[in-house]
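FYI, the numbering for the sequence shown is 59 to 189, going by the working numbering.
Honestly, the hints are just simulated from the structure, not real lab data. A virtual CB, placed ideally from N, CA and C, is assigned to each residue, including glycine. The reader is advised that the hints may include incorrect statements.
[What the hints assert, rightly or not] Cβ pair distances, simulated, as ranges:
#1 LEU87 to GLY137: 51 to 61 Å
#2 LYS166 to HIS146: 23 to 33 Å
#3 LYS88 to GLY159: 17 to 27 Å
#4 SER110 to ASP188: 31 to 41 Å
[Unchecked claim] Keeping only pairs whose Cα atoms sit at most 27 Å apart, straight-line, the calculated BS3-like set for lysine-lysine is:
#5 LYS154 to LYS173
#6 LYS111 to LYS88
#7 LYS88 to LYS165
#8 LYS88 to LYS166
#9 LYS111 to LYS130
#10 LYS111 to LYS154
#11 LYS165 to LYS154
#12 LYS134 to LYS111
#13 LYS168 to LYS154
#14 LYS88 to LYS173
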Amino acid sequence: MAEYDFDVLVIGAGPGGYVAAIRAAQLGLKTACAESRETLGGTCLNVGCIPSKALLHASELFEEAASGKLAKLGVKTSGVELDLEAMHAQRLDAVKGLTGGIEFLFKKNKVEWLKGRAAFTGADTVQVGDR
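Could you build the full structure based on these sequences and the hints that come with them?
Have a look at this one:
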């Protein structure tokens, strides 16, 4: 098992965790962030708020175009179709862009991302995954 020595270990890279890790690194502390997901950002960014709002926004635009509401404003549409695959691709692109942004900030600020679930094994020792 590899050993590491950090001034700060943040457990979880959700909205609070990644901000705390970046700020600690900006203040000059040797910082790591443990995250068990394959991507940074937590539930909201990966599977919650952001992807659901991306789909909701696209659905609302479709509804406005298909229902004729836009025609009242002088925007006439015909043959409006829903492309669910394209909607899901846009959702994935939105999530990828935001999680990639956090990953970039980790690299820029020298925050080490420890991939795996964190568990305390002693008063000042944490095991992350098999590390």
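Broken hints, by number
6
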